[in-house]
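There are 2 protein chains.
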Amino acid sequence: MKEILAAIWRQNFAGAGCSRESLETELKGCVTGEFTSALAKLEDEGLILLEGGSISLSEAGRKMIRVVVCGGVFDILHPGHAFILGEAKSMGDVLVAIVARDSTVEKRKRIPIVPEDQRVEMVGQLKPVDAAVLGYEGDPLKIIEEIGPDVIALGPDQHHNVEQMRSSLGERRLNVEVRRISEFKACELNSTRSILERIIERNYPNPQGEI
Amino acid sequence: MKEILAAIWRQNFAGAGCSRESLETELKGCVTGEFTSALAKLEDEGLILLEGGSISLSEAGRKMIRVVVCGGVFDILHPGHAFILGEAKSMGDVLVAIVARDSTVEKRKRIPIVPEDQRVEMVGQLKPVDAAVLGYEGDPLKIIEEIGPDVIALGPDQHHNVEQMRSSLGERRLNVEVRRISEFKACELNSTRSILERIIERNYPNPQGEI
Numbered sequence: 000m001k002e003i004l005a006a007i008w009r010q011n012f013a014g015a016g017c018s019r020e021s022l023e024t025e026l027k028g029c030v031t032g033e034f035t036s037a038l039a040k041l042e043d044e045g046l047i048l049l050e051g052g053s054i055s056l057s058e059a060g061r062k063m064i065r066v067v068v069c070g071g072v073f074d075i076l077h078p079g080h081a082f083i084l085g086e087a088k089s090m091g092d093v094l095v096a097i098v099a100r101d102s103t104v105e106k107r108k109r110i111p112i113v114p115e116d117q118r119v120e121m122v123g124q125l126k127p128v129d130a131a132v133l134g135y136e137g138d139p140l141k142i143i144e145e146i147g148p149d150v151i152a153l154g155p156d157q158h159h160n161v162e163q164m165r166s167s168l169g170e171r172r173l174n175v176e177v178r179r180i181s182e183f184k185a186c187e188l189n190s191t192r193s194i195l196e197r198i199i200e201r202n203y204p205n206p207q208g209e210i
Numbered sequence: 000m001k002e003i004l005a006a007i008w009r010q011n012f013a014g015a016g017c018s019r020e021s022l023e024t025e026l027k028g029c030v031t032g033e034f035t036s037a038l039a040k041l042e043d044e045g046l047i048l049l050e051g052g053s054i055s056l057s058e059a060g061r062k063m064i065r066v067v068v069c070g071g072v073f074d075i076l077h078p079g080h081a082f083i084l085g086e087a088k089s090m091g092d093v094l095v096a097i098v099a100r101d102s103t104v105e106k107r108k109r110i111p112i113v114p115e116d117q118r119v120e121m122v123g124q125l126k127p128v129d130a131a132v133l134g135y136e137g138d139p140l141k142i143i144e145e146i147g148p149d150v151i152a153l154g155p156d157q158h159h160n161v162e163q164m165r166s167s168l169g170e171r172r173l174n175v176e177v178r179r180i181s182e183f184k185a186c187e188l189n190s191t192r193s194i195l196e197r198i199i200e201r202n203y204p205n206p207q208g209e210i
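Sequence lines, in order, name chains F and A. Counting from 1, position 1 in the first sequence corresponds to residue 0 in numbering that gives the first Met the number 0; the numbering is continuous, with no gaps. Counting from 1, position 60 in the second sequence corresponds to residue 59 in numbering that gives the first Met the number 0; the numbering is continuous, with no gaps.
The hints are simulated quantities; they were obtained by calculation from the structure and are not laboratory data. You may find that some hints are simply not true.
Heads up, the list lumps identical chains together, so a pair's fine if it works in one copy or across two of them.
As the list claims (entries may be wrong) - Below are the SDA-like pairs computed for lysine to any residue, each with C-alpha atoms no more than 20 Å apart in a straight line:
1. K1 with E23
2. K184 with M90
3. K88 with E176
4. K184 with G51
5. K106 with N202
6. K141 with S57
7. K126 with L26
8. K126 with A5
9. K88 with T24
10. K1 with E20
Just chain F, with the same shape it has in the complex (with noise of 0.2 Å):
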């Protein structure tokens, strides 16, 4: 049942509303038709809400799942960026990745080569992720208190100081646990920047044209 559940918190927060239609295209992987009487189930044990055609998930419904983000710049793609969203979904039922502005990656050490639209669609095709997000300039909490996670998931090169984010949600009354994925994905080329060294050092495309 908590397929359902996560379903109904995805298309929520996907905004576009979440119907019986979308819902049971959504788990077309359905075997049987019992799909009326799965959702009148939930119903009758308070998990779900049924309002004029819309479904969403009720206080203990939420409490059922658990939703899990992950930010990251998510610049070029490489194993590296799958393997930690893999380990951040593998903490929950849902995962949204959030990633990060242009204007604030830019701040902390380069414009990202890949502007921030096609970033957050490209993260948003990987097969853990449920969905993909920008976070705002400047206060990296307003992100967290709309989206509600239950789980933030930091990768193995987030220098934050995991107290101190504590501390911060705290104050903000987010109940929220952090966890850090603590291995490295080992590969040739398992960071954004060994790629553009390589990419460098090839210096493609060349004035010979070799691409």
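Using the hints, position chain A against chain F.
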């Protein structure tokens, strides 16, 4: 029911075999527990074969689904790739991405930035893709013979001669439809070339350590 048939094909293609348990795990979105009766029905209809715990498609079952392949280098992933793969997937029930070998690409244009094992891994992480495999050097039809697809989807920038391809397929007695995706995805960086150009232009990472 197509969803189940597609999952059986996919699991057998992945090489680890397909059992009742592995199938049920994959199709966990199913609302009810009537999985066993659904399989029994498919067996009665002669669409699947159950032999000693392993499940496969009969010839008739295989004919119920359309397998699409889409080839490419997929060097640095961008929204153009996601668009093409989404279009290809919409032509059938299962999409296999065929990733060109480093050696094949080198002969045609340049050494890819990202090595073949990482390219195949990342393409396989994209939502429309059910499986990603490397092609063979020298004989582009060998992998087609192995996969046995119904459709080959060509991207708008893949300059194959469609008529020549059809005649080569005919010579090898491969009954495969060749379809071209004519639309391009419009966005700022919609080719590996444009991404490489921007990186060279920005000269990251540079000696000032701006990364």
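Now for the hints, and whether the structure bears them out:
1. K1 with E23: both (15 Å within a copy, 15 Å between copies)
2. K184 with M90: within (17 Å within a copy, 34 Å between copies)
3. K88 with E176: within (14 Å within a copy, 38 Å between copies)
4. K184 with G51: Close neither inside one copy (47 Å) nor across copies (38 Å); limit 20 Å.
5. K106 with N202: So K106 and N202 pass the 20 Å test across copies only (18 Å; inside, 27 Å).
6. K141 with S57: So K141 and S57 fail the 20 Å test inside a copy (23 Å) and across (54 Å) alike.
7. K126 with L26: Both. Shortest intra-copy (16 Å) and inter-copy (15 Å) distances satisfy the 20 Å Cα cut-off.
8. K126 with A5: both (15 Å within a copy, 18 Å between copies)
9. K88 with T24: Classified as between; 17 Å across copies, 22 Å inside a copy.
10. K1 with E20: For K1 and E20, the Cα distance is within 20 Å both inside one copy (18 Å) and across copies (19 Å).
Hints 4, 6, counting from the list given before, are not met by this structure.
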